[in-house]
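Q: Here is how the chains run, residue by residue.
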Amino acid sequence: MSSPVAEHSEPLIHVSKRVGISRGKSWAIRGAALVLALVISGLVIFSIVHLSPLKVYGAMFEGAFGTSRRAWVTIRDAMMMLCIAVGLAPAFKMRFWNIGAEGQILVGGIATAACMIYLGGSLPTPALLVVMLIVSVIAGGVWGLIPGVFKARWGTNETLFTLMMNYVAIQLTSYAVSKWETPVGSNSVGIINQTSRAGWFPTIFGQAYTLNVVIVLALAILMYIYLKYSKQGYEISVVGDSENTARYAGINVRKVYIRTMFLSGAICGIAGFLAISGSSHTISVDTAGGRGFTAIIVAWLAKFNTFVMILFSFLLMFLEKGAVEIASRYNLNNFVSNMITGILLFCILGSEFFINYKVSFRHKHS
Amino acid sequence: MKKFLALLLSAVMVLSLAACGDSGSSSSTSAPAASTSGSDTSSSSDFKVGAILVGDENEGYTYAHMQGIEAACKALGIDTTTNLIYKYSVKEDQSCYDAAVDLAEQGCNVIFANSFGHETYIMQAAQEYPDIYFAHATGTHAKTQGLTNFCNYFDNIYEARYVSGIVAGLKLKEMMDSGAVTDPYIGYVGAYPYAEVVSGYTAFFLGIRSIVPTAHMDVTYTNSWFDITAEGEAAKALISRGCVIIGQHADSTGAPSAVQAAHDSGNANVFSVGYNVDMLSVAPDVALTSPQNNWEVAYEEIIKTAMDGGTLKSDYCNGYAENGVMISTLGSACASGTQEAVDAAIAAIKDGSLHVFDTSTFTCQPAKDVKGNVVNDGSMGYIVDGNGVVTSAFATDTDGNNINDADEAIADGYYHESYFQSAPSFSLRIDGITELN
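Taken in order, these protein sequences are the chains called A and B. Residues 1 to 366, numbered by my numbering, are exactly what the first sequence covers, in order. Residues 367 to 803, numbered by my numbering, are exactly what the second sequence covers, in order.
Among the hints, a few may not be true.
Derived coverage of chain B by chain A (criterion: at least 3 residues anywhere in the stretch with Cβ under 8 Å from a Cβ of chain A; other residues may be distant) [to be verified]: (1) 450-459; (2) 462-469; (3) 701-713.
Partial list, computed: chain B residues near chain A (C-beta under 10 Å) [said to hold, decoys possible]: (4) Glu423; (5) Gln472; (6) Thr510; (7) Gly512; (8) Glu562; (9) Val564; (10) Asn589; (11) Ser590; (12) Trp591; (13) Asp593; (14) Ala596; (15) Thr695; (16) Leu696; (17) Phe728.
For lysine-lysine, the following DSSO-like pairs were computed, each having C-alpha atoms within a straight-line distance of at most 27 Å [stated by the list, open to error]: (18) B:Lys440 with B:Lys679; (19) B:Lys440 with B:Lys670; (20) B:Lys734 with A:Lys179; (21) B:Lys679 with B:Lys509; (22) A:Lys255 with A:Lys228; (23) B:Lys670 with B:Lys414; (24) B:Lys440 with A:Lys179; (25) B:Lys539 with B:Lys414; (26) A:Lys228 with A:Lys25; (27) B:Lys716 with A:Lys179; (28) A:Lys179 with B:Lys679; (29) A:Lys93 with A:Lys303; (30) A:Lys358 with A:Lys303; (31) A:Lys55 with B:Lys414; (32) A:Lys358 with A:Lys17.
If you are wondering where the hints come from, they were derived from the structure by calculation, not from laboratory data. For glycine and all other residues, C-beta sits at the position ideal for the given N, C-alpha and C.
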């Protein structure tokens with residue numbers, strides 16, 4: 001089969017693992033990917049709808065930040081995304097595939113909504129907020145703890161386990177909705193405590209979402225310190241790199257799994273608290289709305305650096321809000337904006353390949 | 367260096383592309399701008415309409431609303447390209463409030479929302495913007511909330527459903543007369559088990575039973591307004607139970623497609639009645655008709671009121687008499703004589719000689735409490751006599767316990783549907799209909 005010339009031929013493209021890449025170079029590659037994404041989206045926009053890409057990008061920016069209210073809505077949703085990503089960070093750093101954020105958000109949300117409904121009249125709002133925070137932490141934490149314990153004790157597959165916990169949480173939410181819906185059968189809970197506003201986040205400095213920002217940024221900073229400087233954070237990264245190394249070093253791997261999954265679930269539970277008490281004031285099976293999955297992208301892209309996550313949360317929310325605006329303004333279908341989001345994510349995720357691997361072409365030998 | 371040059375080159379390409387795109391679009395947009403400035407719509411040129419939609423034009427229910435809004439705007443001289451702003455695919459949560467406030471800040475004078483779960487969010491926005499008119503389809507709160515800038519609207523779709531039931535009943539009768547079918551068994555794919563759906567399928571069933579008195583019906587709920595797969599599966603399950611007519615109160619083409627598939631695989635005796643849109647394109651051999659809302663009438667009324675700065679009614683509701691509802695073109699599968707029967711029924715509804723929920727045409731079992739004891743004193747919302755005929759039924763729930771306790775709806779021998787409020791209130795479970803889930 002082999003021909004005599006084969007020993008001289010070299011593949012046209014040669015891919016090799018990069019040994020080390022400077023931070024500047026890696027960010028330059030990411031920047032180039034962003035530019036490439038904008039170029040491709042521009043071509044797509046122009047060829048399909050014959051609109052100036054610059055105009056479309058301008059409209060997207062206006063949709064996300066055009067007025068102070070729009071900017072605050074973008075901030076609120078970016079904070080929600082950030083909160084989930086912060087929650088996922090310790091689990092994924094441990095190489096524990098927690099794809100159960102959706103469920104952890106929902107059970108945190110159910111706990112919050114239950115407090116609003118049953119305690120709304122009897123507790124003052126500040127006390128109620130504390131109670132809701134605690135129960136949402138416990139609810140989300142337990143939802144994360146269950147797959148953690150099963151993995152630690154019986155070595156179950158956490159990907160399937162956390163995924164299935166999502167479906168259980170969705171069914172629980174359906175049950176809660178059917179219990180609280182008005183009228184019966186309509187599948188709609190409506191705004192909880194619309195007139196009394198019991199259990200709603202208070203308006204601080206004239207802004208309804210100040211508390212969302214404060215809570216999530218605090219979580220992001222604490223998580224950064226926890227992962228980078230604490231002993232427990234170090235244990236997480238050792239377990240993530242190699243379970244055997246961790247065991248050899250005397251780390252109680254089971255304990256780390258259980259502890260970290262409680263933490264991860266608890267923060268996702270707080271995200272549920274933010275979604276209900278700090279933003280929508282209602283509950284439905286769409287309360288998580290796929291954000292538990294999108295946040296995985298945020299966490300991975302940011303390499304679990306919670307400050308970089310802020311950037312990616314805003315990027316994704318910018319795309320989402322911008323998409324809604326161009327759909328509304330140019331009567332484009334939502335699918336066009338989904339295409340732009342898809343192209344951007346594809347390029348940014350693809351750039352990680354070029355950061356980790358070097359591509360060289362065959363040199364010409366005379 | 368080479369890389370840098372390549373990068374620079376690509377950047378130049380984008381910019382040049384952007385530049386030519388710019389010139390292309392500006393030349394195309396200047397034309398309509400010039401034409402509108404020359405037209406005589408100056409009085410309404412700054413009047414803006416905003417609409418919050420639960421779906422987009424690919425979803426039958428929302429598509430019908432868009433048709434209605436656009437027709438109403440055209441009739442009132444509002445430019446739909448510049449002064450009508452849509453918000454597509456808005457979920458029934460905080461994003462609905464966000465959308466409403468955003469439309470208000472964009473200068474809309476009247477703002478609509480078309481899905482049941484939007485209501486509380488629209489009310490919240492209406493409280494904050496008292497100078498803007500807000501209107502919500504299918505909701506129930508306008509009458510009791512007392513917000514002067516907020517109203518509900520709906521159509522007497524039960525009238526069109528009754529008429530579509532007559533269409534189905536005639537087909538059923540034809541099949542029974544020819545001996546092809548012996549059991550007059552109807553299946554119905556419903557969305558959620560509450561008044562809007564119950565009222566709809568009961569009207570449909572009463573329409574069928576006016577032709578085939580022995581008909582009986584099973585209802586399956588999908589717990590979603592729009593779920594092609596679930597609706598298709600539900601229809602398939604009903605067909606396998608032996609149903610020969612499949613009706614629906616769900617927004618997709620799932621059920622008619624499933625019926626067409628059954629027909630194609632050799633089951634010649636099953637037919638479909640759709641909703642919202644003409645189903646002949648997806649089910650050409652089996653679609654009989656679809657009850658449809660003509661939303662234009664309500665939209666025109668409300669926008670007109672807002673343009674004149676007038677006072678809103680709490681509810682806007684139109685039936686056949688106001689041209690607010692209709693049925694789509696009859697399919698080729700319909701029995702002969704259907705058009706005549708349809709025309710006669712519509713005429714009778716219009717002149718008031720035919721009432722859909724005539725209490726002499728149906729019976730109910732007395733209400734039971736949670737322990738199973740019969741409670742027939744009206745505290746469960748209705749009273750029946752010894753023959754099962756309903757003698758009293760309330761239409762409104764004032765204390766939020768989900769049992770109707772106000773507004774006696776039975777008078778002159780029929781249930782007054784959509785009489786006290788635009789949203790349907792008929793939620794009696796009548797004999798002959800079985801809810802499967």
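Q: Are the hints correct? Go through all of them and say.
A: Structure-based check of each hint:
1. 450-459: It holds, with 8 qualifying residues against the three required.
2. 462-469: Held - the region 462-469 of chain B has 3 residues with a Cβ nearer than 8 Å to chain A, which meets the minimum of three.
3. 701-713: Coverage by chain A is violated for the region 701-713 of chain B (0 residues, Cβ < 8 Å).
4. Glu423: Holds - the Cβ of B:Glu423 comes within 10 Å of chain A, reaching about 8 Å at its closest.
5. Gln472: Holds: closest Cβ of chain A sits about 9 Å from B:Gln472, inside 10 Å.
6. Thr510: Not OK, violated: B:Thr510 not within 10 Å of chain A, min 12 Å.
7. Gly512: violated, 12 Å
8. Glu562: holds, 8 Å
9. Val564: Interface hint status for B:Val564: holds (8 Å vs cutoff 10 Å).
10. Asn589: Cβ of B:Asn589 sits 6 Å from chain A, so the hint holds.
11. Ser590: With a closest approach of 8 Å, the B:Ser590 hint holds.
12. Trp591: Cβ of B:Trp591 sits 9 Å from chain A, so the hint holds.
13. Asp593: violated, 12 Å
14. Ala596: Nearest chain A Cβ about 13 Å off; hint violated.
15. Thr695: violated, 27 Å
16. Leu696: At about 32 Å, which exceeds the 10 Å cut-off, the nearest Cβ of chain A leaves the hint on B:Leu696 violated.
17. Phe728: This interface hint is violated because 20 Å lies over the 10 Å limit.
18. B:Lys440 with B:Lys679: holds, 23 Å
19. B:Lys440 with B:Lys670: holds, 12 Å
20. B:Lys734 with A:Lys179: holds, 19 Å
21. B:Lys679 with B:Lys509: holds, 9 Å
22. A:Lys255 with A:Lys228: Since the Cα atoms of A:Lys255 and A:Lys228 sit roughly 19 Å apart, the hinted pair holds (cutoff 27 Å).
23. B:Lys670 with B:Lys414: holds, 12 Å
24. B:Lys440 with A:Lys179: violated, 44 Å
25. B:Lys539 with B:Lys414: violated, 51 Å
26. A:Lys228 with A:Lys25: Holds: A:Lys228 and A:Lys25 sit about 23 Å apart, inside 27 Å.
27. B:Lys716 with A:Lys179: Violated, at roughly 40 Å.
28. A:Lys179 with B:Lys679: violated, 33 Å
29. A:Lys93 with A:Lys303: holds, 9 Å
30. A:Lys358 with A:Lys303: holds, 20 Å
31. A:Lys55 with B:Lys414: holds, 23 Å
32. A:Lys358 with A:Lys17: holds, 6 Å
Of the numbered hints stated above, those contradicted by the structure are hints 3, 6, 7, 13, 14, 15, 16, 17, 24, 25, 27, 28, listed in ascending order.
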